[in-house]
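If you're matching positions, the sequence shown starts at 1 in full-length UniProt numbering and goes up one per residue.
Quick caveat, the hints were computed from the structure, so don't treat them as lab data.
Treat the hints with care, as some may be off.
Calculated lysine to any residue pairs in the SDA-like style (CA-CA distance at most 20 Å, straight line) [as the list claims (entries may be wrong)]:
no. : residue 1 : residue 2
1   : 55        : 43
2   : 134       : 163
3   : 55        : 80
4   : 35        : 11
5   : 55        : 163
6   : 55        : 153
Everything numeric in this text was worked out from a predicted model, so none of it was measured.
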Amino acid sequence: MPDQRTASGARTRQRILASAEHLMRTVGLAHVTTKEIARAAGCSEAALYRHFSGKEELFVAVLRERLPSLGPLIAELSEDPGERTAEESLTDIARNATLFYEASMPIGSSLFAEPALLARHREGLRALNAGPHKPLESLAAFLEGLRAAGRIRADADPGPAAALLLGACYQRAFLRHFMGEEGSPATLDDFATGLTRTLLTGIA
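I would like the entire structure built from these sequences, with the hints used as guidance.
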């Protein structure tokens with residue numbers, strides 16, 4: 001019986017996440033409510049709050065579990081780079097970062113139209129030790145590890161290098177949303193490879 005309850009709870013959680021992702025994409029994070037998410041998931045709002053503390057935690061869960069991996073990929077490469085070269089690892093990160101930003105940008109952009117709501121959301125993410133700065137910090141730490149291992153230049157600065165890579169990925173995602181296909185004439189693979197090689201020209 002406990003296993004059945006656990007399985008049922010896991011299914012409910014996944015329905016809530018799927019509904020949250022859909023509504024955050026279509027309605028916008030600023031405008032969707034937990035009541036609407038619960039209704040779409042076919043459960044009560046009380047059931048939603050048994051799994052998530054609020055909209056901020058739901059948003060973080062959607063980013064971590066429903067969108068292309070970025071933070072987990074950087075963590076995986078930091079723990080076990082395997083046989084991958086620095087170029088291969090950073091190309092993987094650039095590819096996934098671009099997909100992550102393309103998927104997450106429509107969800108969070110509505111927050112910027114409401115400063116008070118953005119401030120509350122910022123505080124909520126801070127309480128969860130989450131936020132858009134986390135991938136930047138993780139990538140800088142990854143580059144610091146490459147530098148310590150002698151795989152990039154000893155005088156390379158991991159922080160600005162991480163900002164250059166992720167900033168370029170974010171810009172590509174923005175241009176694709178704003179201009180459509182015209183905003184990214186190069187394929188994602190060509191973009192990620194070219195970006196990484198250009199970055200490594202400066203720090204390799």
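Now for the hints, and whether the structure bears them out:
1. 55 to 43: holds (16 Å)
2. 134 to 163: holds (12 Å)
3. 55 to 80: With a Cα-Cα distance of about 33 Å, the restraint between residue 55 and residue 80 is violated, given a limit of 20 Å.
4. 35 to 11: Distance of about 18 Å is within 20 Å: holds.
5. 55 to 163: violated (28 Å)
6. 55 to 153: It is violated: about 43 Å lies between the C-alpha atoms, which goes past 20 Å.
In summary, the numbered hints that this structure violates are 3, 5 and 6.
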